[in-house]
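Novice: Produce the entire structure from the sequences given, and follow the hints as far as they go.
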Amino acid sequence: MNFGKNLQNFRKSKELSQEELAERMQVSRQAISKWESGATYPETEKLIELCNVLDCSMDTLVRGATIPKNKSDIKSTYDKIINAFSRSVSAGVMLILLGTSALLGFLYFGEPYEDYGLIAMLIFVAISVPIFVSSGIRYGNFKLKHPRLDNFYTESEVDRFNETFIHMTATAIGIIMAGLVVFIALTTINVFGTESTMPAAVFMIFLSFAVPILVYAGIQKSKYDVATYNHENSIPVKIIDDKIGCISGIIMMIATIIFLIAGFIWNTWYINWIVFPIGGIICGIVAIIFRKDGPGLN
1 MNFGKNLQNF RKSKELSQEE LAERMQVSRQ AISKWESGAT YPETEKLIEL CNVLDCSMDT
61 LVRGATIPKN KSDIKSTYDK IINAFSRSVS AGVMLILLGT SALLGFLYFG EPYEDYGLIA
121 MLIFVAISVP IFVSSGIRYG NFKLKHPRLD NFYTESEVDR FNETFIHMTA TAIGIIMAGL
181 VVFIALTTIN VFGTESTMPA AVFMIFLSFA VPILVYAGIQ KSKYDVATYN HENSIPVKII
241 DDKIGCISGI IMMIATIIFL IAGFIWNTWY INWIVFPIGG IICGIVAIIF RKDGPGLN
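In the numbering used here, the protein residues as written are 1 to 298.
The set of hints was computed from the structure by calculation and includes no laboratory data. Treat the hints with caution; some may be incorrect.
To be verified - Computed Cβ-Cβ distance ranges for the label pairs, DEER-style:
{"#": "1", "residue 1": "T188", "residue 2": "F209", "range": "20 to 30 angstroms"}
{"#": "2", "residue 1": "K5", "residue 2": "D159", "range": "37 to 47 angstroms"}
{"#": "3", "residue 1": "G280", "residue 2": "E19", "range": "37 to 47 angstroms"}
{"#": "4", "residue 1": "T169", "residue 2": "T44", "range": "52 to 62 angstroms"}
{"#": "5", "residue 1": "I254", "residue 2": "A126", "range": "13 to 23 angstroms"}
{"#": "6", "residue 1": "K34", "residue 2": "T164", "range": "42 to 52 angstroms"}
{"#": "7", "residue 1": "G280", "residue 2": "G38", "range": "52 to 62 angstroms"}
{"#": "8", "residue 1": "S222", "residue 2": "I48", "range": "33 to 43 angstroms"}
Claimed, not checked - Calculated lysine-lysine pairs in the DSS-like style (CA-CA distance at most 27 angstroms, straight line):
{"#": "9", "residue 1": "K12", "residue 2": "K80"}
{"#": "10", "residue 1": "K46", "residue 2": "K12"}
{"#": "11", "residue 1": "K75", "residue 2": "K12"}
{"#": "12", "residue 1": "K143", "residue 2": "K5"}
{"#": "13", "residue 1": "K143", "residue 2": "K46"}
{"#": "14", "residue 1": "K80", "residue 2": "K143"}
{"#": "15", "residue 1": "K243", "residue 2": "K143"}
{"#": "16", "residue 1": "K75", "residue 2": "K145"}
{"#": "17", "residue 1": "K5", "residue 2": "K75"}
{"#": "18", "residue 1": "K145", "residue 2": "K223"}
{"#": "19", "residue 1": "K143", "residue 2": "K223"}
{"#": "20", "residue 1": "K46", "residue 2": "K145"}
{"#": "21", "residue 1": "K80", "residue 2": "K145"}
{"#": "22", "residue 1": "K221", "residue 2": "K243"}
{"#": "23", "residue 1": "K46", "residue 2": "K34"}
{"#": "24", "residue 1": "K223", "residue 2": "K80"}
{"#": "25", "residue 1": "K46", "residue 2": "K5"}
{"#": "26", "residue 1": "K145", "residue 2": "K243"}
{"#": "27", "residue 1": "K75", "residue 2": "K223"}
{"#": "28", "residue 1": "K145", "residue 2": "K12"}
{"#": "29", "residue 1": "K34", "residue 2": "K145"}
{"#": "30", "residue 1": "K12", "residue 2": "K223"}
{"#": "31", "residue 1": "K34", "residue 2": "K5"}
{"#": "32", "residue 1": "K80", "residue 2": "K221"}
{"#": "33", "residue 1": "K145", "residue 2": "K221"}
{"#": "34", "residue 1": "K143", "residue 2": "K221"}
{"#": "35", "residue 1": "K75", "residue 2": "K221"}
{"#": "36", "residue 1": "K75", "residue 2": "K143"}
{"#": "37", "residue 1": "K12", "residue 2": "K34"}
{"#": "38", "residue 1": "K5", "residue 2": "K145"}
{"#": "39", "residue 1": "K223", "residue 2": "K243"}
{"#": "40", "residue 1": "K143", "residue 2": "K12"}
Remember, predicted model here, so these are calculated numbers, not experimental data. For glycine and all other residues, C-beta sits at the position ideal for the given N, C-alpha and C.
Specialist: If you want it as structure tokens, here you go:
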């Protein structure tokens, strides 16, 4: 029977120490050590729980032959997951911003194009939601399987990316500044008339390219910060992040409601788009407050 060796291999493949596995199983470290050495054997309930924690079948754990994944395998999987997550989230953000731009652009032409603009925005949002959900689930599943990682990036790899990060950030800021100049110019020259939504629509197009670059760069930068990854997977941080996510979702939902109500009732489409950056700033403040006061975060 290969149970002891299999248990050890599965535990190492999950980057768990005997102490960490014992904590999850609510047993002593000595119990894990005895199971792996073959001195004792877990009860059926604990065996089932082991299979859930280690994400394996009972037959494989008890009788199968296992080979622990090496460090390079986990690094390759981690790179693939984070890179896909970065692209997906960036694409989703771009779609939402383009949808907002389309709405503002259609509003410029008045009835019946206002309805077309709303439909266009909803289509962009409908496409982006599955992208966010699917990428989030894949990344979440990886974190459940690998709550802790070794720092497998070399200093030269981190330095190379930091140079790329600087270039990407500078490019995004340059696009935003160019969009701001165009927005001010169109508003000052009054090309489209007073209280027109077109300058804002044009500015949102610039944001549609700049913001995804910043999002992609930010997620990629976090990929190389393995210490933060391990910290954020600790139980206290997960509790805080759940609260932040819930509150932020409510804030952005309120911002969207204000955007639509103010636009349709008072026809202030040309300016009420500002609720979204304001909502984002409030979400950031919420995150800072909760992370500052949260347990185990200081």
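Novice: Work down the list of hints and note, for each, if the structure agrees.
Specialist: Status of the hints after comparison with the structure:
| no. | hint | verdict |
| --- | --- | --- |
| 1 | T188 <-> F209: 20 to 30 angstroms | holds, 23 angstroms |
| 2 | K5 <-> D159: 37 to 47 angstroms | holds, 40 angstroms |
| 3 | G280 <-> E19: 37 to 47 angstroms | holds, 40 angstroms |
| 4 | T169 <-> T44: 52 to 62 angstroms | holds, 55 angstroms |
| 5 | I254 <-> A126: 13 to 23 angstroms | holds, 21 angstroms |
| 6 | K34 <-> T164: 42 to 52 angstroms | holds, 49 angstroms |
| 7 | G280 <-> G38: 52 to 62 angstroms | holds, 56 angstroms |
| 8 | S222 <-> I48: 33 to 43 angstroms | holds, 35 angstroms |
| 9 | K12 <-> K80 | holds, 21 angstroms |
| 10 | K46 <-> K12 | holds, 19 angstroms |
| 11 | K75 <-> K12 | holds, 14 angstroms |
| 12 | K143 <-> K5 | holds, 24 angstroms |
| 13 | K143 <-> K46 | holds, 23 angstroms |
| 14 | K80 <-> K143 | holds, 13 angstroms |
| 15 | K243 <-> K143 | holds, 18 angstroms |
| 16 | K75 <-> K145 | holds, 13 angstroms |
| 17 | K5 <-> K75 | holds, 24 angstroms |
| 18 | K145 <-> K223 | holds, 17 angstroms |
| 19 | K143 <-> K223 | holds, 12 angstroms |
| 20 | K46 <-> K145 | holds, 19 angstroms |
| 21 | K80 <-> K145 | holds, 15 angstroms |
| 22 | K221 <-> K243 | holds, 24 angstroms |
| 23 | K46 <-> K34 | holds, 14 angstroms |
| 24 | K223 <-> K80 | holds, 11 angstroms |
| 25 | K46 <-> K5 | holds, 17 angstroms |
| 26 | K145 <-> K243 | holds, 22 angstroms |
| 27 | K75 <-> K223 | holds, 11 angstroms |
| 28 | K145 <-> K12 | holds, 11 angstroms |
| 29 | K34 <-> K145 | holds, 24 angstroms |
| 30 | K12 <-> K223 | holds, 22 angstroms |
| 31 | K34 <-> K5 | holds, 11 angstroms |
| 32 | K80 <-> K221 | holds, 14 angstroms |
| 33 | K145 <-> K221 | holds, 22 angstroms |
| 34 | K143 <-> K221 | holds, 17 angstroms |
| 35 | K75 <-> K221 | holds, 15 angstroms |
| 36 | K75 <-> K143 | holds, 13 angstroms |
| 37 | K12 <-> K34 | holds, 16 angstroms |
| 38 | K5 <-> K145 | holds, 19 angstroms |
| 39 | K223 <-> K243 | holds, 23 angstroms |
| 40 | K143 <-> K12 | holds, 15 angstroms |
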